[in-house]
Structure formats: C-alpha cells, structure tokens
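There are 4 protein chains.
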Amino acid sequence: MKLLVRCRILPWRRHFSSTARQRVIKPVSELQDRIRPSYVQRPPNNLLSLQWPSPPRNVLITKKKRTPGITGSLVEFTTHLYNTYPAINIILEPESAKEIHEQVTFPVYTYEEPIRNLSPLFLSDKTDVVCTLGGDGTILRASSLFTHAANVPPILSFAMGTIGFLGEWKFKEYKRAFREVYMSGAADAYANIDLPEGQEPPSSLDDPLDRPLSYADIRGKSMGATRTARILLRNRLKVGVFGPDGSRIYGTGDDGDAYALNEVIVHRGSSPHLKVIDVYVGGRFLTEGVADGMIISSPTGSTAYSLSSGGSIVHPLVSSLLLTPICPRSLSFRPLVLPANTPITLRLGEKNRARAAEVSVDGKRISEGIDVGTEVRVLGEEVKNQAGEWCGGVPSIVRGVNGMEDNEEDHWVGGLNALLKFNYPFGDQDGGTR
Amino acid sequence: MKLLVRCRILPWRRHFSSTARQRVIKPVSELQDRIRPSYVQRPPNNLLSLQWPSPPRNVLITKKKRTPGITGSLVEFTTHLYNTYPAINIILEPESAKEIHEQVTFPVYTYEEPIRNLSPLFLSDKTDVVCTLGGDGTILRASSLFTHAANVPPILSFAMGTIGFLGEWKFKEYKRAFREVYMSGAADAYANIDLPEGQEPPSSLDDPLDRPLSYADIRGKSMGATRTARILLRNRLKVGVFGPDGSRIYGTGDDGDAYALNEVIVHRGSSPHLKVIDVYVGGRFLTEGVADGMIISSPTGSTAYSLSSGGSIVHPLVSSLLLTPICPRSLSFRPLVLPANTPITLRLGEKNRARAAEVSVDGKRISEGIDVGTEVRVLGEEVKNQAGEWCGGVPSIVRGVNGMEDNEEDHWVGGLNALLKFNYPFGDQDGGTR
Amino acid sequence: MKLLVRCRILPWRRHFSSTARQRVIKPVSELQDRIRPSYVQRPPNNLLSLQWPSPPRNVLITKKKRTPGITGSLVEFTTHLYNTYPAINIILEPESAKEIHEQVTFPVYTYEEPIRNLSPLFLSDKTDVVCTLGGDGTILRASSLFTHAANVPPILSFAMGTIGFLGEWKFKEYKRAFREVYMSGAADAYANIDLPEGQEPPSSLDDPLDRPLSYADIRGKSMGATRTARILLRNRLKVGVFGPDGSRIYGTGDDGDAYALNEVIVHRGSSPHLKVIDVYVGGRFLTEGVADGMIISSPTGSTAYSLSSGGSIVHPLVSSLLLTPICPRSLSFRPLVLPANTPITLRLGEKNRARAAEVSVDGKRISEGIDVGTEVRVLGEEVKNQAGEWCGGVPSIVRGVNGMEDNEEDHWVGGLNALLKFNYPFGDQDGGTR
Amino acid sequence: MKLLVRCRILPWRRHFSSTARQRVIKPVSELQDRIRPSYVQRPPNNLLSLQWPSPPRNVLITKKKRTPGITGSLVEFTTHLYNTYPAINIILEPESAKEIHEQVTFPVYTYEEPIRNLSPLFLSDKTDVVCTLGGDGTILRASSLFTHAANVPPILSFAMGTIGFLGEWKFKEYKRAFREVYMSGAADAYANIDLPEGQEPPSSLDDPLDRPLSYADIRGKSMGATRTARILLRNRLKVGVFGPDGSRIYGTGDDGDAYALNEVIVHRGSSPHLKVIDVYVGGRFLTEGVADGMIISSPTGSTAYSLSSGGSIVHPLVSSLLLTPICPRSLSFRPLVLPANTPITLRLGEKNRARAAEVSVDGKRISEGIDVGTEVRVLGEEVKNQAGEWCGGVPSIVRGVNGMEDNEEDHWVGGLNALLKFNYPFGDQDGGTR
Ligand SMILES: NC(=O)C1=CN([C@@H]2O[C@H](COP(=O)(O)OP(=O)(O)OC[C@H]3O[C@@H](n4cnc5c(N)ncnc54)[C@H](O)[C@@H]3O)[C@@H](O)[C@H]2O)C=CC1
Ligand SMILES: NC(=O)C1=CN([C@@H]2O[C@H](COP(=O)(O)OP(=O)(O)OC[C@H]3O[C@@H](n4cnc5c(N)ncnc54)[C@H](O)[C@@H]3O)[C@@H](O)[C@H]2O)C=CC1
Ligand SMILES: NC(=O)C1=CN([C@@H]2O[C@H](COP(=O)(O)OP(=O)(O)OC[C@H]3O[C@@H](n4cnc5c(N)ncnc54)[C@H](O)[C@@H]3O)[C@@H](O)[C@H]2O)C=CC1
Ligand SMILES: NC(=O)C1=CN([C@@H]2O[C@H](COP(=O)(O)OP(=O)(O)OC[C@H]3O[C@@H](n4cnc5c(N)ncnc54)[C@H](O)[C@@H]3O)[C@@H](O)[C@H]2O)C=CC1
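Top line first, the protein sequences correspond to chains A, B, C and D. Sequential numbering of the first sequence, starting at 1, is according to my numbering. Sequential numbering of the second sequence, starting at 1, is according to my numbering. Sequential numbering of the third sequence, starting at 1, is according to my numbering. Sequential numbering of the fourth sequence, starting at 1, is according to my numbering.
Hints are computed from structural coordinates only; laboratory data are not their basis. Please note: incorrect hints may appear among the correct ones.
As the list claims (entries may be wrong) - On the chain C side, residues computed to face chain D include the following (Cβ under 8 Å):
id, residue
1, GLY269
2, GLY310
3, LYS364
4, SER367
5, ASN417
C-beta: ideal position from N, C-alpha, C; glycine also.
Please model the complete structure; the sequences and the hints are all you need to start from.
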C-alpha cells in the first residue's frame, strides 16, 4: 500500500523554505480524515497495544484554562511536533488557536465552538490523536469534545503542575511519550510506507528526540515489534435525558445518546430540599432514593465524585456501572456495582416539591430546573463489537510500554497510593515534630 | 402573689357574651409579656420538668405550608384552646392569620413578616408556648422565628401525616398534650392563683378535656406535684457569618449571633466545582476540606443532614458539636464530634476558583455567592447559666410525663427504631412473597 | 441416541413390585457417571438456560444441620422424587443417610466423610443435580463439597424457615421447582429418549406434579422449547494457601487450588492484636493492611461478610473480585473492586507479633495459627472456556423461567429489597404506635 | 503544715554516702501512702492544672515489653529521677524490677503479679505518678494496673520509637517533662515545705535539669504560679460482666466494677459465626445486633478499635459513650454516641448457636466462651464528684503547660493530623515519581 502522505511537505522542509510565516487559523474540516488505529490484546495483559495502520497526522491539543504558564508549554509542544514529525497538523480549541497562532510558524486548525451540549462539527472525523496539557478536568473536557462520538481517538495526557488521577505523563516527558505513541505498531504497519525522494534531515541535534523524522526513519525500524504504546480502554456511559413527555432533552449523537467518561448525576443543586429519585435497574423498579442526588458512574469515575460519596474504588477494567447515592436520607443505601450492560434509569419522582433538580455530566451541568417525570437513562458502553474488535471507550495511553511491564509500576496501583493516599499508614513517619 | 389574669374574661364567658364575633387580626405587640417557665432536673432523669410560675397565655401556633388538610386542624385546635383555657391568646403566622381569622370567633394575633434573615419583632417577648402542626420542617421554621432569641418558649409539636423525628405528638392527642403542658408544675406554682368570683363553667361535656377550665380548677389540683411535662432541652448552635473584611453578614441578634437548631452548612450549591474550606477548631487550623460542603451540626441535627453525610447519631443530651464533611474528596475525613464549647470556624479558602458557595442554616439559604475569605463561626449554645439554671436551647416537650417514665417508651430510642429504621433486621419478616 | 436409562426400573414399578423394602445405604461410587448439562445464553438476557442432554438421575440433597423440622421435609422430598421421576437416585450426606434410610423405601447413596479440607471421593463425578434444604449456610456447605471440582452440578436451593439471600425457592414449591429443572431443555434434548415398553402410570392423583412420569411423558413434550430453568452462574474464587517455605497448605484439587463461593479471609481470630497483611495485586505490592483481617470476596460474597465490613454490593454477574478490609486501622482503606482475572495475594507480614492468624473459606476455618510469611493466593474463576462455552462457577437455579422474565421479579433486586432491606425508607410506615 | 518528707534521705546524700549499693527489690507496701493531687480548671481552658499539695515521691514506671532498647532507657530515666529529686522512690513492674535492679544503685519497689483480672495489691494506694515508656499499648497496660481504682495517679507517657496517639512526650524530653510534673503547683503548695538542714547540692552540672534539687530549691520558686502541667482527664468506662445467673464474672473493685480506658468489646473471637447481641440503652431495649461483635468505647477509645469499625472521632472531653458495631450484618447500624451517664448493656442473645463469644477490655481478653445470657454492663465514669471536684478518669499529662497554650500545638488536633493522617490531602505532594 502506498501511503497518501507521499506528496506532503516534509517537516525540515518547512523549517527552511517557509519564507512567509504561516500565522493562519484554518478550519478543521480541511484536514484529511482521521486514521483509525486498532487495539490488540495480548493475554494475560489486560492493557491493549496501540497499532497504527499509518502514521497519525492530525493532533488535537487541549490545555487547561485560565492557567498562565501553560500557554508557553503549548507553543513548545506544538513546535516540537511540527518540526519533528512528517506531515503533522495541529488542531487547537478556538480559544487556544486565537491565543497562540501568532507565536508559531505553522498553521493551526480549529473548529467552531458548538452551541450548548452539542459536539464540534467534523472534529471527531479528523482527529487522529488527542493530547491534553492540564489535569483531570482537562481530560474530561477533551473527552467531552467527543461526547457524541462512538470512537474516540487515543488520548495522551500530560499533567501540568498537580498530577491528576487520569493524567499519566509528566510534561517533561513529552518528546519520548509522543514518539512512543507515534511509532506504536511501526514495525508491523509502517513497513511499506512509501518514501518521498531525496531528503536528508539535519543531523546535528543534541537530543535524538529532536531530530526531524522522515518516513524513511520510521519505516519498520523503530521501537521493535512488540514495544507498543499501552492503551487502557476506559468504558464510558451512554446517557440520554428525557422530559416527562418522553422527548429527548440531552444526547443528540448519531444513535441519540451522549457519552460520559466519569459519571452522570442528578442533584438538588441550589435547591435546599432533598430530592426524590426513583431508580430502575434492568427495567425494574429498584428503589426510591431520597437524597442530595444520585450518581451513575463508570469505573473510571469511581475515583471521582462517587468516591467522595462513599462508593468503592472499581478498577477501570471491571465492566460495570456504579450507582452511588449522594447524601441519602437512609441508613441502608449501600452503593451498588452493576453489570455494564444493565440499563439504569433515574426518574425525578412525583413527590418532589420543587422542580429545581439538575443533571450534570462529567462535572458540567447539562440541564437544570428539570421537571418531575424527567428520566436519565444510562447504559454502559460496549467496548468490543460483534466481530470481537475493541472499539469505543476512551483509549487512554498509560505509562510504560507493552513488553516491558515487569519493570514498570502499575499505573492504577501507583495512582491509588501516590495520589489517593490509599490506606495511608498511621504514625509519625513524616517526621513531624510531635 | 396575685396573678395578673384576675380581671380577664374567662373562656366560657366568651362563648355566650361575645355578641359581635371578633374577626380581627391584632398585633402581637399588644399582648402581655411572656411568662417564663423554669426547668428542673430530677436526677437520674436526664429530661427536665417544666414548671410554670403562672398559667401560660400566649400560644404561637405554626403549621406546615401548602398542605390543604392542616387548616381545618388549625381551626379545631385554636378553637379548643380558646374555649377551654382561661385567658388564652392565639398567635399565628401572618399567612395563617389571614387564612383563618374569618373562621374563628376570637381575635388572632400576628406579627409582620421580617425582612430576610431577621426575626419578627416582639414575638419572642410575647410567646409563652409554641405549638407546631406539621413535620420536622415546621418545627425548624418555628424555631427559626426565635433565631435571635436566647430564650425560646417550650415547643409542643404535633405530627400531621408522616411523623418526623423531632415531632413528638400525634394530632389526635392534642387535648391531653396541651393539658399536660398547661398544668405542668400546677401543684407547686398555681396554688395561690387568685380566683375571679362567681363563675361556674358549664358541666355536661362528653370529654372532660373539653370542659372549660377556670382558675379554680387549676389551683393546686391537677396532675400531681411530680407529674410534669418532660422537656428535652435541645442545644442550638450560635452562628455568625463574616465577610472577608470581617464585617458581619449574618447573625443580628442582641449578642450578634443567630441560633441554629439542626446545623449550619457551607455548600457548593449550584456551582459544579468542589469547594475548598479551611476548618479551624478552638482557634487552631485543623484541616483544609475539599468537598461539596461542610456541616457543623448540633446533636439534634445529627439525625438530619449530617446523618445522610455519614455522621454518627449523637444523642441530643451529649453536649457537643459535629463536624461532618459533605462528599469530601478525601479517603480520610472521618466525621468529628467536638465539645460544645469549642469554637469552630469554616473559612472559604483562597484556592476556590469561583465564589459561588452558599451558607444555609437549618435548610434555609442565608447567603449565597459568598466570597473567598468568608468565615462561618460556630459555637455550641450554653444551656446552663452561671447560676446553674437551665436556660437557652429549644425546650421540646417530649411524650410521657415525668414520674411515669418507666411505663413509657424512650422517645429517642423509639425514634431510632420506628423512624430511622436503625439496624433494621435482615430477612423476610415483612412476609414478602419472595 | 438410545439412552442408557432404558433398562432401569421405572418409578411406579417400584411402588408395587418392590416386595422387600430397600433400607440400604449404598456407596456413591456405584452410581453411573454424571450427566453434564450445558448452559446457553440468549441475549439480552444475562441469565443462562439449563439444557440437559438427557434427564438427570443422581440427585444430591443436603440439609441444614441441627434443625429438627427439616428431616421430615427431607423424607417428603426424596420420596416425591423417587416416586415421580424415572430412574432417580438419591444421594445424601453421611449423617442424613444414616438418619433417614430406615424411613424410606428406596436405597440412599452416600460417601465417606473426607478428612479435613478434602472433598468427598467420587461425589463430583456422580452428581447431576444438587438440592439444598436450609439457608445460605446450607448452600455454602453444599458448594464446599465441590470445592475441588471445576464443574459444579446445578444447585436448586430451598429455603426452610428464614429465607436467605442465595436460597431462591420456598420449600412448598418443591414439586414445581424440581419439575422445571428436570425438564429444562426437554423439547430439544429429550426428543429421542428411548421408551421402555408397555407401562402405564397410575393416573388418578390430585396434583399433576405428583403423577409419576415415564420417559414417554418427557419426550419432547413438556414446558416448551424456550421455557427452561434459569441459571445464574456464580463465579467462585480459586484459592491456594502457601506456607512461608512456599509449600501448599490448602487447595488440593486437580489444579491444586480450591474454590470458594463467598470469600476467603485472613483474620486475627482469637488473637487480640491487629494483624499486618501485605496485599499484592497483579503481582505488584499494593499496600500493607493493619486490620482485624482482610476479605477477598466474589461478587456473590459481596452481600455476605464483605457487606458487613463496608464493601459495596456487587451484582453476581460483574466479573470481579472484591478486596475489603475488616476493621482496618486506617482512615483511608476504601474497599476495592478488581477484575476477576487479577491475581491477589495476601501475605502475613513480618511485623506481626504472634502467629495466631486464621484463614477461612466461606465461613469455615481451614487453617489457624498460620505463620508469618504465609500467603493466600486468589484468582477469579473463569466461567467461559476457550471454546466460549460456559463452564465453572456454581450454577444456581433462580426463580422464574426463561421466556417469562417480564412477569417475574428480578431475583437480585428482589433480594436487595426484601432481605437486605436496601434503602429501607425512613418514616412510620409500619404503623408503629409512636 | 510540715511535710512528712523532712527526715527522708535527700538524693545527693544517696550519691556519696551509700557505701553498700542497694541492689534490692522491696515490696511496694513499705512505701508511704500516695499524695493525691488536685485538678483545677481555669476557664475557658478545657484542660486542668495539676496541683500537688506536696512533692510526689513514689513513681511507678512501666515499659513496653519485649523491646530490647527500652531497658537502657529505663535505667537512664530511673537513675536521673533518683539522683535529681529528693525522696523519690522507684516502683517497677515485677519483670522490670528483676531485669534492672542489679544495674542501679538504689532500691526498686515492686508488687506481686496479681492473678487474672485482679489488680496488684497496694499499688494504687502508694503510687503518686505513673510514667510509661512505650506506646499506646504500654499506657493501656499501665492504666489496667489501676483498673479497680477510682482514682488513678497522673500519667506521664513517653513514646519510644513509633509515637502513639495517647502517648504525648518524646523520651528525649524526659528531664523537662518530669520537672514540669514534679513542680506543678509548686508556687502555691510548696511554699511551706519544711527544709531539712544544712545541705548543699553539687552545683557544676551541664544541664540544669540534672542538678539535684533540694526542697529549698522547690519551695515556692519554680515555674510560676500559673505554669502548671496540663491534665486531660480521660473518662473511663465502668464495666461489669455478669453470668446468665446474674453473678458477677468480671469487675471486683470496691464498688464492684472495673474500669476501661479505651473500650469493652464482645466479639466472636475464633468462632466463625456471627454473634447475636441484644443492646439495652438506659434500661430499654434498643436493638438486636448481629455482628462480629460490639464495642462500647470511651471518647478516648474513639480513635482505637471503634475508629477501625467505622465510628466517629470523639474528642476526649465530650462526656459520652460510643456504641460501635463490628462488622454488623445490617445496612443500617450507624454508630451511636450516647451521654456518659447512660447505662448500656450488651447481652448475648438466645439465638446464638455456640457459646464461643469473648469479652475484652482495652485489648485484653477477660472472658471467653461466655454463655448465652451473659451481660456486659457499662456506664461512663463520673469525673466530678458531688462537691464539684475533679476526680476519677485517667489524668493524662499532655504537652505544653497551662498559661502558654497559645504558643503550643493542640495535642488532639496535632494527633489527628500527624498520626491518624486525618483528611490527608490527595495529590502528589510527597514528591512521588509518578
Ligand atoms: N464532591 C466531589 O467529589 C465532586 C466531584 N466532582 C468531580 O469532578 C469532576 C469534574 O472535574 P473538574 O471539572 O476538574 O471539577 P473540580 O474542579 O471540582 O475538580 C474535580 C477533582 O476531581 C478529580 N477527578 C476528576 N476525575 C477523576 C477521576 N476519574 N478519578 C480521580 N479523580 C478525578 C480532579 O483531579 C479534581 O481534583 C466530575 O466528573 C466529578 O467526578 C464534581 C463535583 C463535586
Ligand atoms: N441530603 C440531606 O439529607 C439533606 C438534608 N437536609 C436537612 O433538612 C433540614 C431542613 O428540613 P426541611 O426544610 O424539611 O427540608 P426537606 O424537605 O429537604 O426535608 C428534610 C428531611 O429531614 C428531616 N429532618 C429534619 N430535621 C431532622 C432532625 N433533626 N432529625 C431527623 N430528621 C430531620 C425531615 O423530617 C425531612 O424528612 C435541614 O436542616 C437539613 O438537616 C437538607 C438538605 C439535604
Ligand atoms: N482492628 C482494630 O483496630 C483493633 C484495635 N484494637 C485496639 O487495640 C487496643 C489494645 O492495644 P494493643 O494492646 O497495643 O494492641 P495492638 O498491638 O493490636 O495495637 C493497637 C493499636 O491501636 C493503637 N491505639 C490504642 N489505643 C489507642 C487510642 N486510644 N487512640 C488511638 N490509637 C490507639 C495503638 O497505638 C496500636 O497501634 C485495644 O484497646 C483496641 O482499641 C485491638 C484489636 C483490633
Ligand atoms: N460479620 C459478618 O458479617 C460475618 C459473616 N460471615 C459470613 O458467613 C458465611 C458463612 O455462613 P454461615 O456458615 O451460615 O455463618 P453464620 O451462621 O455466621 O451466618 C452468616 C449469615 O450470612 C448470610 N449469608 C451467607 N452468604 C451470603 C451471601 N452470599 N449473601 C448474603 N448473605 C449471605 C447467611 O444467610 C447468614 O445470615 C461466610 O461465608 C461469611 O460471608 C461469617 C462471619 C462473620
């Protein structure tokens, strides 16, 4: 197979020949369609291997908002990508695009801010890889750009400042991290990349990771066949919100539903009164919850709001849904963990005095003042299709590479200990002065 | 001591002689000043005995709002009081007064609705007894009318429909219940009530509790010396809210503070983000809470919001304050129980992104959109003064009379079991069809 | 296919011709080998359909111990089975066999009580169906008879007296329940059962379920093709216990390990001191637990000891393992839910003062006074083999039949509400006298 | 008042004149009777001031067992006391006495090991101060020596190695700490100490705290009137255990009961089965607990076993009892906090299958295999007598001195944070490499 990339301008060309600096913002719709990787499982390993059929090109980068230092990092990162990898296009959020397009020498792509609760047009059809610079909130926001997409591109997340639970990489590792993602599956898949003729990259750079790559470099050499980026496929929730008359209030994707990475909640919000929420499981009435609210969480979200509300910590690979009440007026509402393929419905019961409940997805309010009779319907996302291929979910690139797991810390166990201070030991080990 | 009541019209007079029906609403300021009861402890009993120096006259009655059936009960109850007891005056909330004054044959007293967070003028100086018809919410609302009063009149609460945890009596017991309160301490204190001359009450009524009383009936006879109404003195919280500049935002009573019966909370309200709340105990920094909110609760409130948030159940007679976090982003924020005389301060920390936190007292929002730096300062109320006399608190009349405890159910133990379903046993005892 | 059963004595024969009553106890080894059913999934249904290739014959019946009334029920039940179904053999536990063999007219089979922690010889090779008369404890004991068997026969459990969470059926339903199990899959599989010639069953019985069946009755007629018994395949845990020197202390089945239905625990037992237990997850050190003990539970066990220790309730179909600490000396040891295929190891740490820890499986102590360095290694059982066939687990027959689910209560939701009093509502609905 | 100490040998005498080293162990009964300090409250301070009527003389020192390094510290500490303070006598546990009496130059006093559950004879009548070298366990053991004494001497506890929650002082502070205790109240009370004539202490020691004191030094000078040792009076539980026939099984003090510092528990111990425990509160039946066990804890014990079992943290000055179940088979058994003067009874219910329950006090099993019908009766200790004097409790000397609180850390808040890792913040602040 001859790759489409052949005739594209190669990166080091860009360095020397682009006389007029390209300070333009272009629409994402102009980009070529995304390249869909496949995910391969090699038991007994539970993580998947990322496998590109051809090198990724369109990279969406999102960053934490209102945090001064990060803009510089964004410029540094995008410049590195542009200079180092052949045929890379940078996609930014509208705000970031406006902020940095004058500071860089290459065009940046962006999209129009969608109206409330909708997804940006074209974005999910064009993006090969997502990189996030920020914390968990930035990842959630990035994932929300794909809230109506059944197939989310792989996400490479860099922690800036405080490390989050979902974010995996430190920003100072960005060169190595991106190289691993870019080359993942190279030996198998990039073997036949067609070479553009006669180009030599400059060769005297300090950091080999800074050396511009040509497709010749890539072809079948790097990283080794089994050394691939590791993917944790995070199941999402399919969420639909329906008014008392049955009409859809939220969830407008192809198949109607929207996706949540952490959770969907119904909450009293600013209403001072307890809410009465009927819970149906598998189509059957389970219970009437009287509470501040109710959470339906993915395993990924089990370390977020559900944890604060008393839920168990569920490993992201346990195919399940969590039902966790928020401050229930009951001594006996223990959190539940249900099979991912069980539909759960939350219904705002007739007993509620006022209508001021809210629905939020991943920490973003999508609906407020909802009426008695409103239903939130949730189902776990399938991450394997009929053919047994992995699909769906949010493919999160975790630290370490396949084939070398034994030397690496487990990302989840590590996160429990280092970030959540799980079972933090009693005693004076911090050398306190007591 | 000759009582002031001597020259007042006696009740059965009112029946026959009031040719023009009195459908007027009068200001509460016209009433005579309240009669303050004393509270006597007889160890080992933990509950106190109510002791009137002279019969109570001014009865404030509050009722649940927006609940149709209750207006009829209010008319029935007030009419009974007016017809049966000498010199009784009925005080109602403005709304109720408007609603029923045309249906009754006696004047009703009321006050002006105060502006936000203030207390009604004169009310606490005039009210001898409070009766509530409704649930816990009605009791909380009644108590909030005295939120700036150091001395709350005794509260006799009737449950209408669903029984609450604070509400003690069934409405159908109203005659007996009120009689017990009215006569409490009669043998000791009413011995010298001066008799108005020459009146004979009508004598052929079915229910002896319906027979109009004269002071002659009351004088030293009824109930027996030790058979007194039992009072549970519910400690409140003294609450002050102060802006970042130190100025008082809430709490405007004589000594500046306001009182809460259940709890004061700081909460994210409709803000979707976690709040950062610094907690000081006894003037020392304890911890930085990151949470939906923070509750400081009285023992009475330990079965309310604090319970839903995972707090322990604390008996109302344990002199203490509870600090219970709401959905804390921490695995290790266990609820605390502190001495009642420990000042606790909640401070909205600098790390908060947005200012949209709220402060609520007993389920009523008193402040919203509060700024970083705002402080909520709380201290448990003293219920014994220097002289060792019981004062302060919300004197709640509980079921049963002193001197007969052994035959009676304990109100608190009963409430745990019957209402909170405490340690409700597993198994099929409900005769379910499973 | 001609069935082996052809030449066996048919039930109603037994009634009339057995001149000498057979009051003998025979060894289970004399029985023919078991008939293995298959389990078929019909999405979206999560429960499986039981499918016999030919009618089951060898029925093991266990009963609750030390409970007087149950012996009578055992006699009634076995007599019914013997009289009604062709070629049924009754297997009993040694104690029961001794207790009732004189009261019944047919031989009973039994096995020798195995020595500690071993399984009875031959039993798992001979048993087609298990029936239990008792509560959850009886089911656990029955399951423990197959603790070294990878394939457990289907279990039909009858509650006697108090209903348990695992036990599904009421004893008074025993005729219908057994008929449903016996006939499950009949239409498909029993079509070609060869008929023994010339027999007519007696026909004038009140209850059609009492009418002795011949194979002619069974052949392809009953219940309808899709009306099959519903199976909940309860995953077990594979457990091995190893001494400090690496030698196996417990678990002696073919593949070395033993199976647990609820959980395996390490506990301080009668030692008054906290135990120090190192926890490894997926081969990596997770944490050092200091606690009364540590539970590794199956989802089935999530409503047993793990629940009492604060664990979440996990639906039995969520393929997972629970790690729940018992009274941990830590504020931050939140229960974990891990993928079923994650190996977990508990290791008695060097810091323990005394050696008096205990290991228990399903409430039965299997090892005590274990040494520092002892390891308990656990893995979730696979319930689907390479070929995608369902196997393993404890196949539990739940109420209701496939094809009629919509009319039936969900057994799990029903159990939460009726037995565990899940989210039992506050308030006075029991009509208490308060 | 002339003090009794006049004629006793002064310390520096002992140095020079004791020609024959006194390597003897003497009976504690030979010592003079103890000197009882008083405890003074100076509001708003919640801690009490220790006030000696005359200098303490008899010091009981206990140490952690089976911990090699500590014996050296014991020798160092006792030698310092003997050399520095006039008329000090050292009391040791029998084991320690045997261990060190050959290494020291002064006599040590000891008592006979009492038989099970009894207290050592004479000890509580002779001991002025208790010092403990070890952790919380050592304090508990020291306190158990006074388990039948209504008046426990003040306890000064030194942490050796790992710091505990009850232990306050670091061993390296021992000189200053003991000086503060010894001199506490000196200005007021020691003013008239009669001087033994003509003695001059040696004066050229490096550390002024090492300089031998004469009573002349002490008389009215040191520390200042208000600079007193701070006492936290830890309320204990009064515990009695009674057999099914009503006879006392445990608790043999003067008033029959024994005292617990942390808690009393009923527990299944090595029995694998749940226990059924009836709970009575204030003489009324509260609930039937089905659980591993049941804890009745003091506020001091709220950070011990009760904490591990899910109880709230209760400040030691909240006069209360905690009822906390251990692994209850119930979703709705929330821990309770009750007034200290409420009697609580735990009764082993008839439903228990086997008799193997255990009763433990402060982590020491006092009774096992107890019968159905056995009752554990508990009441909070009074710490103020009729005359309003502080008495009872375990007077624990906490860090800091009265009059200087503002500069000091609060011992309890400090313990929560430094030892219990209360609300330990999420995130990567430990500089982990993740
Ligand atoms: N009381 C609570 O615990 C609340 C939690 N949230 C959570 O916040 C999320 C939204 O995040 P932001 O917009 O940044 O809100 P935010 O500014 O309120 O921060 C949420 C916190 O949750 C952490 N977080 C988010 N997802 C996580 C995950 N899957 N595992 C572990 N930690 C996670 C973040 O690192 C951050 O510390 C929601 O999806 C919800 O789960 C939102 C409101 C209240
Ligand atoms: N998630 C929760 O549990 C929430 C609880 N609340 C509580 O509601 C109170 C205000 O009451 P409403 O205006 O009627 O609000 P509401 O209509 O939201 O009802 C609150 C519920 O709490 C019960 N309650 C109130 N005080 C109680 C007490 N001391 N002990 C036991 N139960 C008690 C009431 O009977 C009622 O069922 C607040 O003081 C707060 O304690 C308020 C918001 C949320
Ligand atoms: N699962 C648990 O948490 C268990 C706790 N214990 C506790 O241990 C105590 C006996 O202590 P040891 O003989 O040393 O047993 P141990 O060797 O089992 O250690 C008990 C631990 O509890 C700590 N501790 C004791 N009293 C405390 C208090 N009041 N506040 C905070 N921490 C405290 C000690 O420092 C030690 O870390 C009992 O009174 C009981 O409270 C005993 C058994 C199990
Ligand atoms: N504190 C606790 O909750 C304890 C629980 N257990 C549990 O008891 C089991 C052994 O049972 P028995 O020998 O009958 O002991 P047992 O006589 O102590 O009773 C255990 C109780 O647990 C119930 N149970 C058992 N398995 C269950 C399940 N999967 N879901 C819901 N309820 C269940 C039984 O119905 C019974 O009420 C153990 O596997 C363990 O899970 C054992 C000891 C203590």
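Hints, one by one, checked against the model:
no.: 1; hint: GLY269; in the structure: holds, 4 Å
no.: 2; hint: GLY310; in the structure: holds, 7 Å
no.: 3; hint: LYS364; in the structure: holds, 7 Å
no.: 4; hint: SER367; in the structure: violated, 12 Å
no.: 5; hint: ASN417; in the structure: violated, 11 Å
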